[in-house]
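Protein chains: 2
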Amino acid sequence: MNGLSRKRYLELTEPTEEDCRSSWQRIKDALEETFREIESEQGKQSGVTASVQKKQPGSIEAGQEKQSGGIVSGCEKQSCTIEPALGFLQTLYPVCEDSAWKVTVSMVAVDNGWKAVRLEAGDTTKQHYGYCVDLGSTTVVMRLIDCARGRSLGQVSVNNRQIAWGADILTRIFYCKDHPERLKELTDATRASLAEAMEALRQKTGVGPEECLCMTMAGNAAMMHFFYGLDPFCVFASPYALRAGQVPAYSGKELGLPFSGMVYSYPARANYLGGDIVSGVLACGMDKADELGIFLDIGTNGELVIGNKEFLLCGAGAAGPALEGGVVKTGMRAEPGAVFGVKLENGSFQLQVIGGEAPRGICGSGIVDLLAELFLHGWVDIRGKFVPQASESIQWRQEEQEQAVEYAPGLWFYQSDITEFIRTKAAAHTMVEYLMGQVGLSMDHIGKFHVAGAFGTFLDKESAVAVGLYPDIERQRIVSEGNASLEGAQYWLLHRQAGQRIKEILEKMEYVQFAAVDDFLRMMTAAQALPHTDLERYPTVKQKLKL
Amino acid sequence: MNGLSRKRYLELTEPTEEDCRSSWQRIKDALEETFREIESEQGKQSGVTASVQKKQPGSIEAGQEKQSGGIVSGCEKQSCTIEPALGFLQTLYPVCEDSAWKVTVSMVAVDNGWKAVRLEAGDTTKQHYGYCVDLGSTTVVMRLIDCARGRSLGQVSVNNRQIAWGADILTRIFYCKDHPERLKELTDATRASLAEAMEALRQKTGVGPEECLCMTMAGNAAMMHFFYGLDPFCVFASPYALRAGQVPAYSGKELGLPFSGMVYSYPARANYLGGDIVSGVLACGMDKADELGIFLDIGTNGELVIGNKEFLLCGAGAAGPALEGGVVKTGMRAEPGAVFGVKLENGSFQLQVIGGEAPRGICGSGIVDLLAELFLHGWVDIRGKFVPQASESIQWRQEEQEQAVEYAPGLWFYQSDITEFIRTKAAAHTMVEYLMGQVGLSMDHIGKFHVAGAFGTFLDKESAVAVGLYPDIERQRIVSEGNASLEGAQYWLLHRQAGQRIKEILEKMEYVQFAAVDDFLRMMTAAQALPHTDLERYPTVKQKLKL
Numbered sequence: 312m313n314g315l316s317r318k319r320y321l322e323l324t325e326p327t328e329e330d331c332r333s334s335w336q337r338i339k340d341a342l343e344e345t346f347r348e349i350e351s352e353q354g355k356q357s358g359v360t361a362s363v364q365k366k367q368p369g370s371i372e373a374g375q376e377k378q379s380g381g382i383v384s385g386c387e388k389q390s391c392t393i394e395p396a397l398g399f400l401q402t403l404y405p406v407c408e409d410s411a412w413k414v415t416v417s418m419v420a421v422d423n424g425w426k427a428v429r430l431e432a433g434d435t436t437k438q439h440y441g442y443c444v445d446l447g448s449t450t451v452v453m454r455l456i457d458c459a460r461g462r463s464l465g466q467v468s469v470n471n472r473q474i475a476w477g478a479d480i481l482t483r484i485f486y487c488k489d490h491p492e493r494l495k496e497l498t499d500a501t502r503a504s505l506a507e508a509m510e511a512l513r514q515k516t517g518v519g520p521e522e523c524l525c526m527t528m529a530g531n532a533a534m535m536h537f538f539y540g541l542d543p544f545c546v547f548a549s550p551y552a553l554r555a556g557q558v559p560a561y562s563g564k565e566l567g568l569p570f571s572g573m574v575y576s577y578p579a580r581a582n583y584l585g586g587d588i589v590s591g592v593l594a595c596g597m598d599k600a601d602e603l604g605i606f607l608d609i610g611t612n613g614e615l616v617i618g619n620k621e622f623l624l625c626g627a628g629a630a631g632p633a634l635e636g637g638v639v640k641t642g643m644r645a646e647p648g649a650v651f652g653v654k655l656e657n658g659s660f661q662l663q664v665i666g667g668e669a670p671r672g673i674c675g676s677g678i679v680d681l682l683a684e685l686f687l688h689g690w691v692d693i694r695g696k697f698v699p700q701a702s703e704s705i706q707w708r709q710e711e712q713e714q715a716v717e718y719a720p721g722l723w724f725y726q727s728d729i730t731e732f733i734r735t736k737a738a739a740h741t742m743v744e745y746l747m748g749q750v751g752l753s754m755d756h757i758g759k760f761h762v763a764g765a766f767g768t769f770l771d772k773e774s775a776v777a778v779g780l781y782p783d784i785e786r787q788r789i790v791s792e793g794n795a796s797l798e799g800a801q802y803w804l805l806h807r808q809a810g811q812r813i814k815e816i817l818e819k820m821e822y823v824q825f826a827a828v829d830d831f832l833r834m835m836t837a838a839q840a841l842p843h844t845d846l847e848r849y850p851t852v853k854q855k856l857k858l
Numbered sequence: 312m313n314g315l316s317r318k319r320y321l322e323l324t325e326p327t328e329e330d331c332r333s334s335w336q337r338i339k340d341a342l343e344e345t346f347r348e349i350e351s352e353q354g355k356q357s358g359v360t361a362s363v364q365k366k367q368p369g370s371i372e373a374g375q376e377k378q379s380g381g382i383v384s385g386c387e388k389q390s391c392t393i394e395p396a397l398g399f400l401q402t403l404y405p406v407c408e409d410s411a412w413k414v415t416v417s418m419v420a421v422d423n424g425w426k427a428v429r430l431e432a433g434d435t436t437k438q439h440y441g442y443c444v445d446l447g448s449t450t451v452v453m454r455l456i457d458c459a460r461g462r463s464l465g466q467v468s469v470n471n472r473q474i475a476w477g478a479d480i481l482t483r484i485f486y487c488k489d490h491p492e493r494l495k496e497l498t499d500a501t502r503a504s505l506a507e508a509m510e511a512l513r514q515k516t517g518v519g520p521e522e523c524l525c526m527t528m529a530g531n532a533a534m535m536h537f538f539y540g541l542d543p544f545c546v547f548a549s550p551y552a553l554r555a556g557q558v559p560a561y562s563g564k565e566l567g568l569p570f571s572g573m574v575y576s577y578p579a580r581a582n583y584l585g586g587d588i589v590s591g592v593l594a595c596g597m598d599k600a601d602e603l604g605i606f607l608d609i610g611t612n613g614e615l616v617i618g619n620k621e622f623l624l625c626g627a628g629a630a631g632p633a634l635e636g637g638v639v640k641t642g643m644r645a646e647p648g649a650v651f652g653v654k655l656e657n658g659s660f661q662l663q664v665i666g667g668e669a670p671r672g673i674c675g676s677g678i679v680d681l682l683a684e685l686f687l688h689g690w691v692d693i694r695g696k697f698v699p700q701a702s703e704s705i706q707w708r709q710e711e712q713e714q715a716v717e718y719a720p721g722l723w724f725y726q727s728d729i730t731e732f733i734r735t736k737a738a739a740h741t742m743v744e745y746l747m748g749q750v751g752l753s754m755d756h757i758g759k760f761h762v763a764g765a766f767g768t769f770l771d772k773e774s775a776v777a778v779g780l781y782p783d784i785e786r787q788r789i790v791s792e793g794n795a796s797l798e799g800a801q802y803w804l805l806h807r808q809a810g811q812r813i814k815e816i817l818e819k820m821e822y823v824q825f826a827a828v829d830d831f832l833r834m835m836t837a838a839q840a841l842p843h844t845d846l847e848r849y850p851t852v853k854q855k856l857k858l
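So the protein lines, in turn, are chains A and B. For the first sequence, the working numbering begins at 312 and goes up steadily by one. For the second sequence, the working numbering begins at 312 and goes up steadily by one.
Just chain A, with the same shape it has in the complex (with noise of 0.2 Å):
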C-alpha cells in the first residue's frame, strides 16, 4: 500500500558514544533507507536497471527520470523530506528505550514528504486505519478503511447536522450571509456530524479516531466551505469566485474534530463542480480511459463530464429536484414507505416499496419507472400527455384541475408532475447532447456511461433509456458508479499518487457555463418528450413501442 498514511517498524541500533545520533536523526536515517528500497524496487520494476541505480543512486537525474515517467509520487525520492511533528519528538523517550529500539513510526504525507506523527514500541504496522468521507448536503457517508489490507471496516451514514438550518442549501447560505458567528454554527454543525459518524463507526468496528491518521474527504463547494468555515455566499452568487477551491491538508484537531489525523479535501473545480465530482471522474478512471466516457450525477444539481485521458470537458445545471421526488405530488425521498419500482401488468400497477410497507408514496427511481411503463403502454404520449382513451385509470381530477392515475391506492400521478419531470430530465439530456456536440461526437462514440450517485443505484436501465434520460446505447456500457464520490476520496487514501491525478484532472477540466451558451434553450425544446423528438436516437424504445 502506498496511501497518504504509512506505518513503518523499525529495528534501530542502540546509541553508542561512537555513534551517537539523536534518536530522531536515528529513525529518519532508517525512515530514509526504507524509502531508498522502495524507490530502487520500483526502478526496477519500471525496466530501470539496477545498474544505472548504483551509479546514481541519489542524483537529480535519476530522480526526475522517474518523477517524470510517473512511477513514484515524487515523495519517495531520496530528497524526499521527513519531519517530525511536536508531539512525535516528546514520545520518543522513553518509548525508543522501552521498546529497545523496536519501534513504529506512524507518517502522513504532507506537501513535500511525510511527516511522523506517532511512535509506538514494536511492530504495530498491521493496525493501521483511517478514514473517507463523502459529505453530502442531506447526508454524510463514511467509511473506516484497513490502510494495511486496502479494504473497508465498515460504512457509516448519520444526517447532516446543517438541515437543522434548512433542508436545501441555499436556505443555511442565506442564514450566514454577512454573520461570521452563524457560520460558525454551520460548520460546527458539520463537524459535528462527521464526529458522530466517526463514533458510530467506532461502535461497529471498535476501532475509534485516536488510531487513525488520515481522512479524505469530498464533498460540493458549499458543503467545503460550511466545513473549514468559509463564507459560501459565493457559490451562489454571481460571479461565482469561490473564497477557496483547494485547501491544503489540516489537521483535524485545527479543524475541530476529535481526530489528531490529517484532514485532505478533494478540490473544486468551479462553484457547481465540487470535490464530489473531481473524486468521481477518478473513481470511474475517465481520466486515464483510451474511450470517451461521460460521468453523470444528477440530483437537485446535474453535474456532468465527458472526456477520456485526453480531455475532460463538463457542466452543471440547475437540474431540479424532480429526481429526489421534490417536485412530484406525492414525491418523497427513498425512505420505507416510498414506491421505488413499477410494473404496468394487464392495466393495473405492480409496486415494489421500500421496506415492504404500504406505499406512501413515491421515490425518483420509482417515477422513472412509473412514467417508461406508462409511455410504453401507450398510456402517454411522446409528448408527455396523458392518452385517456388508452385507460380508464387515467382520470380527470376535479380538485386537481388536471388529469391524473391512481398508481396506488390514494396516490395519484398528475399531468403537472409529468410536464416538471420531462424539464429536467430534458435538461440532463441536453447537458449531455451540447458537450457531446462541443467534441463533434455522437453517442455511437461513448465507452461508458457512468452514472454517480444513489438515484443511479436504483434506477432501472430500461425505464431510464425509455423515458430519455439516459441514452440508447448497449446496457452494458451504463454503469452505475453508486456512491463515486466516497470510492475516490477511499482511493485517494490509500494511493497518495492520486494527488498528482486530482491536479490533472483539475488542470483538464474545461468548464462550460451553459446559461451562456444561445443554443441551450432551443435544445431543451427539442428533448422536451419521451424519450426524444427524435425517436430516431432510441432504436430500442422505438422497437418496444411498435411491440
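Don't take every hint at face value.
One copy or two, it doesn't matter: identical chains are merged, so the pair holds either way.
Taking lysine to aspartate or glutamate pairs in the DMTMM-like style, the calculated list, with each CA pair at most 20 Å apart, reads [unchecked claim]:
| hint | residue 1 | residue 2 |
| --- | --- | --- |
| 1 | Lys339 | Asp422 |
| 2 | Lys564 | Glu394 |
| 3 | Lys855 | Asp692 |
| 4 | Lys654 | Asp829 |
| 5 | Lys318 | Glu343 |
| 6 | Lys413 | Glu510 |
| 7 | Lys819 | Asp340 |
| 8 | Lys488 | Glu408 |
| 9 | Lys318 | Glu352 |
| 10 | Lys819 | Asp330 |
| 11 | Lys495 | Asp479 |
| 12 | Lys819 | Glu785 |
| 13 | Lys819 | Glu329 |
| 14 | Lys853 | Asp755 |
| 15 | Lys640 | Asp479 |
Simulated from the structure, these hints should not be mistaken for lab results.
On the provided structure of chain A, position chain B as indicated by the hints.
Relative to the frame of chain A, chain B by itself:
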C-alpha cells in the same frame, strides 16, 4: 529584505464571470508573479541573461542552475509552494471585498516554500516585525526586529525562570529525570520566560506578539530540550545522544507561546555544541572566511571552533565556573558591586566596580585583570605561586591555611583561587592548542580570534593575553563578538538563505571528543603556568616581564 517572513502588498483584479478564480487562487497567482519578478531580478544580477530566463521561464533546468549556483534559496523558484493557513482562508471574506482587493499578505517560511498566515486591508508592508532570542540557561535575551528595515527596535533580558529549579543545569536535569510532569514544569517555565520578554518588549516598543510573524532562537542543547519538552538527561549522560538535535519550525501556539507566528531554532551539532555555537559561528562569518579563524565561547563550559570556509573543527569541555566568578572565594556574577577592572599602581590596587558601589566581590574580567597585574608585577610567578617577598600585601591567612592578597577592603584573593583559575584557562588553552595541532597549524596562521559571550565583551585583551587565556597575536585580530548567539539568530530572521548555511555548517563541523584524546592531560599540564611553561609563545608578555 529576504527573511523568514515576507509581506507583500497586492492590487488584485476583482473577480468577474469570465475570470472567476477563487479569492485564494487570485492571491496565490499574484504572489507567484512577484516571486517570478524577484527571481528574474536576481537572475539578472547574477549574470544569467534575461534571454535565457525568457527561453525557459519555468523549466526545471533553469531552476536548478540557479539553485546549484546558490543564488536563490530554492524558495523563490517558480515551483516553490505557497499554502494558506486555515485562519488565512477564513479572513478572505470580507477583507478582499472591503479593501477593493488591495491587500497585504504576510507569509512565513516553511519547508519548501511559504505559508500565508495573515491578510490585511491596504498596504501594511511597513509594519513587519519579528523576534530573535538567545535562550541562555541564566538569561533570556530577546530583540524585537523591524523586518521591513532590518534593524532592532529594542532588546530585553529576563531571567530564565528555570533558575527556580536550580541555578545550574544539572540540578534541573536531575529534577526532571523520568518525571514527565516535572519536565513539563520546566518547559512551561521556559515558555513563561519568553512570554515575559515579549511583554517587556511590548512595554518598550508598543509592538506585541500578535504583530510578529517569526521568531528565531539559539540556545544550548539542554535549553532546547527543555523548551521543546524533550527529556534532557541525554545531554549530560553517556552516550550523549540527544533526543533531537534539529527540530522543524513549529507555530508559537503549538509551543505554548502567546504568539501565533513560527518559531525556528538553530540546530545542535552535538550535546555540548548547541545551536548557540552554530549561530555564533554563522554570525562571525567564519564559515565563509578565507583566513583561518578561532571561535571561543567560555563560560561554565568552553566551546571552541577552528576553521574557515573549507573546514570547521570543534570541541567542547567543562571549563569550570572559574571565569564566571564561581570558584574564586570572593567571586560573583557581573552585578553591581562586582570588581570588573583592576590596576596595580605603586603597590596599591585601583579598582573599577560595577555601579560605582563599594566592592562586594570580583567577577570574571576582574579576576583576569587582577591575576595579570599580580603576575606582571612579579607578585605571582610563572607557576602561579605567590612571591611573598615581592610585597608586604601578600600575607599568610591563618584561617584559610594559605597565602592571599587583599585586593579591596576585606576582600582577599587566595593561592587556591589562582590555582583554580589556571586550571580553567589551561583547559581552554589546550582545547585551542589541540585543535590547531590537529590541522597542523600554529597561531601565526590565525586570521581572527573571535571571543563570544558577555565575558569576552568586558575582558581586557592585554590581561587575557598576559595570563595566557588569549593567544599572543596582534590585538586587532582578537575580536569580541558580544552575544554572537543572538546576532546569529537575528541574521537568520532577516536572511532566509541562512538556512542553507546552517545546514552546511552542521555538515562541515567535525566534533572532537577531548575526553578521548590521550595527549590532552599532558598538554594541559604544560599550559598550567602564566602565561604558559613555554614563554616563547607569548613574546609581548615576555617583553613586558623584562620591563
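Results of checking the hints against the structure:
Taking CA atoms no more than 20 Å apart as the test, Lys339 paired with Asp422 passes in both settings, with 18 Å inside one copy and 16 Å between copies. For the identical chains of this complex, Lys564 and Glu394 are neighbours both inside a copy (19 Å) and across copies (18 Å), given an alpha-carbon limit of 20 Å. In this assembly of identical chains, Lys855 and Asp692 lie within 20 Å of each other by CA distance solely inside one copy; the values are 14 Å within and 122 Å between copies. Neither within a single protomer nor between protomers do Lys654 and Asp829 lie at most 20 Å apart by alpha-carbon distance, with minima of 40 Å and 99 Å respectively.
For the identical chains of this complex, Lys318 and Glu343 are intra-copy neighbours only, at 13 Å inside a copy versus 35 Å across copies, given an alpha-carbon limit of 20 Å. Within a single copy, Lys413 and Glu510 get their C-alpha atoms no closer than 32 Å, and across copies no closer than 45 Å, so neither meets the 20 Å cut-off. For the homomeric pair Lys819 and Asp340, the shortest alpha-carbon distance between copies (18 Å) is at most 20 Å, but the shortest distance inside one copy (39 Å) is not. Taking the shortest alpha-carbon separations for Lys488 and Glu408, only the inter-copy value of 14 Å comes in at or below 20 Å, while the best intra-copy value is 55 Å.
For the identical chains of this complex, Lys318 and Glu352 are intra-copy neighbours only, at 18 Å inside a copy versus 44 Å across copies, given an alpha-carbon limit of 20 Å. Proximity of Lys819 and Asp330 under a CA criterion of 20 Å is satisfied inter-copy only: 17 Å between copies versus 51 Å inside one chain copy. For the identical chains of this complex, Lys495 and Asp479 are intra-copy neighbours only, at 18 Å inside a copy versus 49 Å across copies, given an alpha-carbon limit of 20 Å. With identical chains, the CA atoms of Lys819 and Glu785 are never at most 20 Å apart, being 28 Å at best within one copy and 69 Å at best between copies.
In this homomeric assembly, Lys819 and Glu329 come within 20 Å of each other (Cα to Cα) only across copies, at 18 Å, whereas the closest approach inside a single copy is 55 Å. In this homomeric assembly, Lys853 and Asp755 come within 20 Å of each other (Cα to Cα) only inside a single copy, at 17 Å, whereas the closest approach across copies is 104 Å. Only within a single protomer do Lys640 and Asp479 lie at most 20 Å apart by alpha-carbon distance; the minimum there is 18 Å, versus 83 Å between protomers.
Of the numbered hints stated above, those contradicted by the structure are hints 4, 6 and 12, listed in ascending order.
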